[in-house]
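Line by line, the protein sequences are chains A and B.
Following our numbering, the numbering of the first sequence begins with 1 at its first residue and continues without gaps.
Following our numbering, the numbering of the second sequence begins with 1 at its first residue and continues without gaps.
Worth flagging that the hints you see were computed from the coordinates, not collected in a lab.
Here the structure is a predicted model, which means the values were calculated and not measured.
Yeah, the Cβ is synthetic: ideal placement off N, Cα and C, and Gly gets one too.
Certain hints may be false.
DSSO-like cross-link-like pairs, simulated, lysine-lysine; straight-line CA separation at most 30 Å [what the hints assert, rightly or not]:
1) Lys392/B <-> Lys357/B
2) Lys17/B <-> Lys253/A
3) Lys198/B <-> Lys58/B
4) Lys108/A <-> Lys27/B
5) Lys253/A <-> Lys394/B
6) Lys108/A <-> Lys133/B
7) Lys58/B <-> Lys112/A
8) Lys126/B <-> Lys114/B
9) Lys17/B <-> Lys112/A
10) Lys108/A <-> Lys8/B
11) Lys160/A <-> Lys133/B
12) Lys61/B <-> Lys230/A
13) Lys364/B <-> Lys252/A
14) Lys252/A <-> Lys367/B
15) Lys253/A <-> Lys322/B
16) Lys302/B <-> Lys252/A
17) Lys58/B <-> Lys230/A
18) Lys108/A <-> Lys396/B
19) Lys201/A <-> Lys69/A
20) Lys171/A <-> Lys251/B
21) Lys237/A <-> Lys367/B
22) Lys230/A <-> Lys357/B
23) Lys171/A <-> Lys14/B
24) Lys49/A <-> Lys108/A
25) Lys384/B <-> Lys252/A
26) Lys58/B <-> Lys155/B
27) Lys384/B <-> Lys237/A
28) Lys357/B <-> Lys252/A
What the simulated footprint calls covered on chain B by chain A, stretch by stretch (three residues with Cβ under 8 Å from a Cβ of chain A suffice, anywhere in the stretch; the number is not a length) [claimed, not checked]:
29) 27–39
30) 213–220
31) 256–263
Example chain A residues on the side facing chain B (calculated, C-beta under 10 Å, incomplete) [unchecked claim]:
32) Asp95
33) Ser224
34) Glu259
One letter stands for each residue in the lines below.
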Amino acid sequence: MRFVVCVKQVPDTTEIEVDEETGTIIREGVPSVLNAFDEFALNLAVELKNEVEEDVEIVALSMGPPQAKEALNKCLAIGADRAVLLTDMVFAGADTWATSVTLSRAIKNIGKTDIVFMGQEASDGNTAQVGPEVAAHMGIPQLTFVTEVESVNNSHVVAKKETDEGFVRIKCETPVMIACMPTPGFEPRIPNIREIMKAKKKEYQEWSHEDLGGDPSEYGLDGSESVVIKTYSPPPKGEGIIVDDEPEVAVKKLMDFFEDEGIL
Amino acid sequence: MIEIHEDKCIGCEKCLKTCPVDALKMKEGVAKVDEGLCISCSACIPACPVDAIEPILKASKAASADYSGVWVFAEQHDDRCRPTGPELLGKGRELADELGEELCAVLLGSDVGKLSDELIAYGAEKVYVVDDKILENYTTEAYTTALVTLISKYKPSVFIFGATHLGRDLAPSVAGRMGLGLTADCTGLSITEVEDVKVLLQTRPAFGGNVMADIVCPNTRPQMATVRPHVMQPLEPDPERDGEVIQEHVKISPESIKTEILEIMEHEDSGEISVEEADVVVTGGRGAGGEEGFKMLRELAKALGGTVGCSRPIVEEGMMSKSHQVGQSGKTISPELYIVCGVSGAVQHRVGVRGSKYIIAINKDPKAPIFDMADFGIVGDASKMIPMLIEKVKEKTC
Numbered sequence: 001m002r003f004v005v006c007v008k009q010v011p012d013t014t015e016i017e018v019d020e021e022t023g024t025i026i027r028e029g030v031p032s033v034l035n036a037f038d039e040f041a042l043n044l045a046v047e048l049k050n051e052v053e054e055d056v057e058i059v060a061l062s063m064g065p066p067q068a069k070e071a072l073n074k075c076l077a078i079g080a081d082r083a084v085l086l087t088d089m090v091f092a093g094a095d096t097w098a099t100s101v102t103l104s105r106a107i108k109n110i111g112k113t114d115i116v117f118m119g120q121e122a123s124d125g126n127t128a129q130v131g132p133e134v135a136a137h138m139g140i141p142q143l144t145f146v147t148e149v150e151s152v153n154n155s156h157v158v159a160k161k162e163t164d165e166g167f168v169r170i171k172c173e174t175p176v177m178i179a180c181m182p183t184p185g186f187e188p189r190i191p192n193i194r195e196i197m198k199a200k201k202k203e204y205q206e207w208s209h210e211d212l213g214g215d216p217s218e219y220g221l222d223g224s225e226s227v228v229i230k231t232y233s234p235p236p237k238g239e240g241i242i243v244d245d246e247p248e249v250a251v252k253k254l255m256d257f258f259e260d261e262g263i264l
Numbered sequence: 001m002i003e004i005h006e007d008k009c010i011g012c013e014k015c016l017k018t019c020p021v022d023a024l025k026m027k028e029g030v031a032k033v034d035e036g037l038c039i040s041c042s043a044c045i046p047a048c049p050v051d052a053i054e055p056i057l058k059a060s061k062a063a064s065a066d067y068s069g070v071w072v073f074a075e076q077h078d079d080r081c082r083p084t085g086p087e088l089l090g091k092g093r094e095l096a097d098e099l100g101e102e103l104c105a106v107l108l109g110s111d112v113g114k115l116s117d118e119l120i121a122y123g124a125e126k127v128y129v130v131d132d133k134i135l136e137n138y139t140t141e142a143y144t145t146a147l148v149t150l151i152s153k154y155k156p157s158v159f160i161f162g163a164t165h166l167g168r169d170l171a172p173s174v175a176g177r178m179g180l181g182l183t184a185d186c187t188g189l190s191i192t193e194v195e196d197v198k199v200l201l202q203t204r205p206a207f208g209g210n211v212m213a214d215i216v217c218p219n220t221r222p223q224m225a226t227v228r229p230h231v232m233q234p235l236e237p238d239p240e241r242d243g244e245v246i247q248e249h250v251k252i253s254p255e256s257i258k259t260e261i262l263e264i265m266e267h268e269d270s271g272e273i274s275v276e277e278a279d280v281v282v283t284g285g286r287g288a289g290g291e292e293g294f295k296m297l298r299e300l301a302k303a304l305g306g307t308v309g310c311s312r313p314i315v316e317e318g319m320m321s322k323s324h325q326v327g328q329s330g331k332t333i334s335p336e337l338y339i340v341c342g343v344s345g346a347v348q349h350r351v352g353v354r355g356s357k358y359i360i361a362i363n364k365d366p367k368a369p370i371f372d373m374a375d376f377g378i379v380g381d382a383s384k385m386i387p388m389l390i391e392k393v394k395e396k397t398c
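Hey, can you work out the whole structure from these sequences and the hints?
Listed below in structure tokens is the structure:
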């Protein structure tokens, strides 16, 4: 069996600022990390691999600038067997559609895949769209908001997923795309030094648009359907009132605030 | 579009039964697709026992003049419209008026036609209803086939969904299959002009709300967006409002569904208003005084007509279920009034509540980051303040 885990390298914070003059996001000096949702997905894939009797190959797949190799190295240390980075200037500026075109072609290149794992969303874009769009391109079913994969065999997977009302346990034919939602209390496994050393010997490849085929215009900004016309900082919130009084006085002041603002 | 690998096709004809628009025909013992009829719904793909059908999805550049109508996806559950339907109709009314187009709701489910009147009262001029047993419980495949078929038939210019779990599963599935631009989790929608064509301007936060982006999808139709719940205001419902109900039959074949729901586990308290839907949310964290403290928070929430939320540690300790968890790894909320007690305000929490109109924070630690975003902060012990606050609120509202 083969699992492909799609991961993204994201800024290590959401405290990102916009250059007010140019309207672009200031990325300088912001360290990058493996997206936490993806790390959870990778952990699920590794756990599942350990549970099934069959041989499973886990391929970590990412699209990004050359430095995204760091995120893939981490995946290799956590338990991926090999890694592929899709890196090419042609891929730059991709929206979710162009990203899903790129990833689905890469997965096809990797070969027959039983489960495509993804994080439910990335902490920078927060769209949650790439997984379902990859499933659409591959013509396979999707399970989103998955918190647990109970079992997998040659034809089916059973998973638990969050819904608006609670959870459902759901059975789905493979191949399938599973977007994973971290559960409370999830602590990422920190690889030990032996695993980190071992990771360095694992297969790592970089692919450009030529490896994926198709016309360059199908990728990146050119291949995107949504166009960002402006980015800006949200309007600042006014300075709040802070009180440090005896409880009776503080509550009285709060009720006055409710009154003034017409809240109740 | 799809591609049928004729060398693999065994002529079993299973795919023919799944096509909602009869675009598949047998010719010389193998299945052939009529490219003029195919709507790219992909319903046939799962039915093929030999994986002979592959999707070929292309960004569908559309002539905007051929598309008209603002569509709202109206979610329903347990014989009720979910609040996102009326909310989106409120915003949709504005957009439709500005475009000079009609406002329509789309309702899918089993025995749900009775909810049409409610959607008309909230502003829909037309309600497209697909009533089918196969749509009783949500599956991505069946709902996608229904919507792709309706879109292909009626060609709306705008189609908006609530950014609920269901909406965030369904909208990208539809957009992916049809090759449409889609913007996630919008907090603002308006109409702007790009090269003399009126288009949907979609505003959404990124980087957890630290950056706002204005986005357009100029070349694809319908322009699709999911919209964060509780941000848009519904119109005052008017039962006198006129509207047309259009019953649609879409052929949805069980063979095109690869998922099977084994068990539905609804939160015990799912009768309560959810934290995403409530106007008032009172949240407690580690510093809220434990079980006893939460009892008081519940009472305060009740007095304010709201609901109780909690921080992540409270879920980890098993005191409350995940459905109440507020923050990036739980629910993103935007109530009118957010009262947060004994939560220091880690970035993941702040990101999830940033859309709240008024934030009231109570915390013992004057340096707690939650105070940076509070409209009104009280430094002190929440368990002492809350009983007093309940009393005052009851005096005021009774």
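Do the hints match the structure? See the list:
For the proposed pair Lys392/B and Lys357/B, the alpha carbon gap of about 22 Å is at most 30 Å, so the pair holds. For the proposed pair Lys17/B and Lys253/A, the alpha carbon gap of about 68 Å is over 30 Å, so the pair is violated. Note on Lys198/B and Lys58/B: the hinted pairing holds, with a Cα-Cα distance of about 24 Å set against a maximum of 30 Å. Distance hint between Lys108/A and Lys27/B is fulfilled; the C-alpha atoms sit about 29 Å from each other, no more than 30 Å.
Annotation: proposed proximity of Lys253/A to Lys394/B holds, straight-line Cα distance about 16 Å (limit 30 Å). For the suggested pair Lys108/A and Lys133/B, the alpha carbons sit about 36 Å apart, so the restraint of at most 30 Å is broken. Our distance criterion of 30 Å between C-alpha atoms is met by Lys58/B and Lys112/A, whose separation comes to about 23 Å. Under the criterion of a C-alpha separation no larger than 30 Å, the hint pairing Lys126/B with Lys114/B is consistent with the structure, at around 14 Å.
Proposed proximity of Lys17/B and Lys112/A is supported: the alpha carbons are some 27 Å apart, at most 30 Å. Restraint check for Lys108/A and Lys8/B: the C-alpha separation of about 18 Å stays at or below 30 Å, so the hint holds. Between Lys160/A and Lys133/B the alpha-carbon distance is near 24 Å, which keeps this suggested pair within the 30 Å criterion. Of the pairs offered as hints, the one joining Lys61/B and Lys230/A holds, with about 23 Å between alpha carbons and a cut-off of 30 Å not exceeded.
Of the pairs offered as hints, the one joining Lys364/B and Lys252/A holds, with about 18 Å between alpha carbons and a cut-off of 30 Å not exceeded. A threshold of 30 Å between alpha carbons decides the hint, and for Lys252/A with Lys367/B the separation of about 23 Å falls inside it, so the pair holds. Under the criterion of a C-alpha separation no larger than 30 Å, the hint pairing Lys253/A with Lys322/B is inconsistent with the structure, at around 33 Å. About 20 Å separates the Cα atoms of Lys302/B and Lys252/A, which keeps this hinted pair within 30 Å; it holds.
Of the supplied pair hints, the one linking Lys58/B and Lys230/A holds, its CA atoms being roughly 26 Å apart against a limit of 30 Å. For the hint pairing Lys108/A with Lys396/B, the CA-to-CA distance comes to about 64 Å; that exceeds 30 Å, so the pair is violated. Distance hint between Lys201/A and Lys69/A is fulfilled; the C-alpha atoms sit about 14 Å from each other, no more than 30 Å. For the hint linking Lys171/A to Lys251/B, the alpha-carbon distance of about 23 Å falls within 30 Å, and the restraint holds.
Our distance criterion of 30 Å between C-alpha atoms is met by Lys237/A and Lys367/B, whose separation comes to about 18 Å. Restraint check for Lys230/A and Lys357/B: satisfied, since their Cα atoms lie roughly 24 Å apart, inside the 30 Å limit. This hinted pair checks out: Lys171/A and Lys14/B have alpha carbons roughly 22 Å apart, not beyond 30 Å. Distance hint between Lys49/A and Lys108/A is fulfilled; the C-alpha atoms sit about 21 Å from each other, no more than 30 Å.
The straight-line distance between the Cα atoms of Lys384/B and Lys252/A is roughly 13 Å, inside the 30 Å bound, and the hint therefore holds. Distance restraint check for Lys58/B and Lys155/B: the Cα-Cα separation of roughly 17 Å lies within the 30 Å cut-off, and the hinted pair is therefore satisfied. As the CA atoms of Lys384/B and Lys237/A are separated by approximately 28 Å, the hinted pair is consistent with the 30 Å bound. Distance hint between Lys357/B and Lys252/A is fulfilled; the C-alpha atoms sit about 21 Å from each other, no more than 30 Å.
Chain A is given as covering the region 27–39 of chain B, and this is violated because 0 residues of the stretch bring a CB closer than 8 Å to a CB of that chain, at least three being needed. Here's how the region 213–220 of chain B fares: 8 of its residues keep a CB closer than 8 Å to some CB of chain A, so the rule of at least three is met and the hint holds. As drawn, the region 256–263 of chain B meets chain A at 6 residues by the rule of a beta-carbon pair under 8 Å; at three or more, the given contact holds. Hint status for Asp95/A relative to chain B: holds, with the closest Cβ pair at about 7 Å, below 10 Å.
Taking 10 Å as the C-beta contact cut-off toward chain B, the hint placing Ser224/A at the interface holds, the least distance being around 8 Å. The criterion of a C-beta within 10 Å of any C-beta in chain B is met by Glu259/A, whose closest approach is roughly 9 Å, and the hint holds.
Checked against the numbered hints listed earlier, the structure breaks hints 2, 6, 15, 18 and 29; every other hint is satisfied.
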